[in-house]
Amino acid sequence: MAALPPQKHLMAKDPVSELIGGGVRTRTPFTSLLNRFLYKFKLPWKVVKNEELPHVMCSVEQRINFSHLVDQVLAYGVVGDLVELGCYEGQTAALIQMVNVRHQARPFHVYDAFVADWNTRSGTVQERLKRRFAAAGLPGPIMHEGDMRHTLPAELPERIAFAHFDCGMGDDPERHRDLLLHCLEHVYPRLSPGAIAVFMDYHDPDRTVNGLNSNPGVRMACDGFLADRPERMEVLYGNDFSHGYFRKR
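If you use numbering that gives the first Met the number 0, the sequence shown corresponds to residues 0 to 248, in order.
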């Protein structure tokens, strides 16, 4: 029987598989040992390679979570469009669109100021986002450029089935909280029953496993906003990163 050709070269050239598993941080035995020590003693830190951070915005585990959650709302017929608030170069946006087109594709809106740029690669942030979608053979999203304090609520769709909130830049937690609250105040009423809202960097020290508490303003906003509403945040396992979600009742 003839041997099967090696698959790794095919995978390396496959843009769809790259959306799930590409650009993952590698670990050294030394950093793994340090992180096990920090986790054992419940210390709120994790050792990572700084030079990799600008290029890796989410973990493989988070991408898998996104894939399942987007697929759920589409498979169950939850009414509305898909939105992402804070998309940068489109790492998670491309994954959301990949799942979207496997169903009867719905309008997908992304919102970003497209100003912050931690990358030294060629082109603007928007150009790199468009290249990412084109490389994966995906239709581009509807792009809403500008400060979300100005684009929301005017440019939001009437009904929303899935929303991903990733509008933090690692700045002051209270400033991040205020921006996220602004987004929630306008997105929440548009969420259909059964809609899912995912929040990058949501970290609950009593429930989150492994993930960094890199943007504490997220939990401040989410827990405060939902305090007098029926929904509650659930944590998701994201390995080095943290995130959580709620389902609209």
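Any given hint could turn out to be false.
[Said to hold, decoys possible] Restricting the straight-line Cα-Cα distance to at most 25 Å, the calculated cross-link-like pairs of lysine to aspartate or glutamate (DMTMM-like) are:
id: 1; residue 1: LYS129; residue 2: ASP70
id: 2; residue 1: LYS129; residue 2: ASP146
id: 3; residue 1: LYS129; residue 2: GLU154
If you're looking for bench data, these hints aren't it; they were derived computationally from the structure.
Note that this is a predicted model, so its numbers are computed, not measured.
A quick look at each hint next to the structure:
no.	hint	result
1	LYS129 / ASP70	holds, 23 Å
2	LYS129 / ASP146	holds, 20 Å
3	LYS129 / GLU154	holds, 20 Å
Hint compliance for this structure: no hint is broken.
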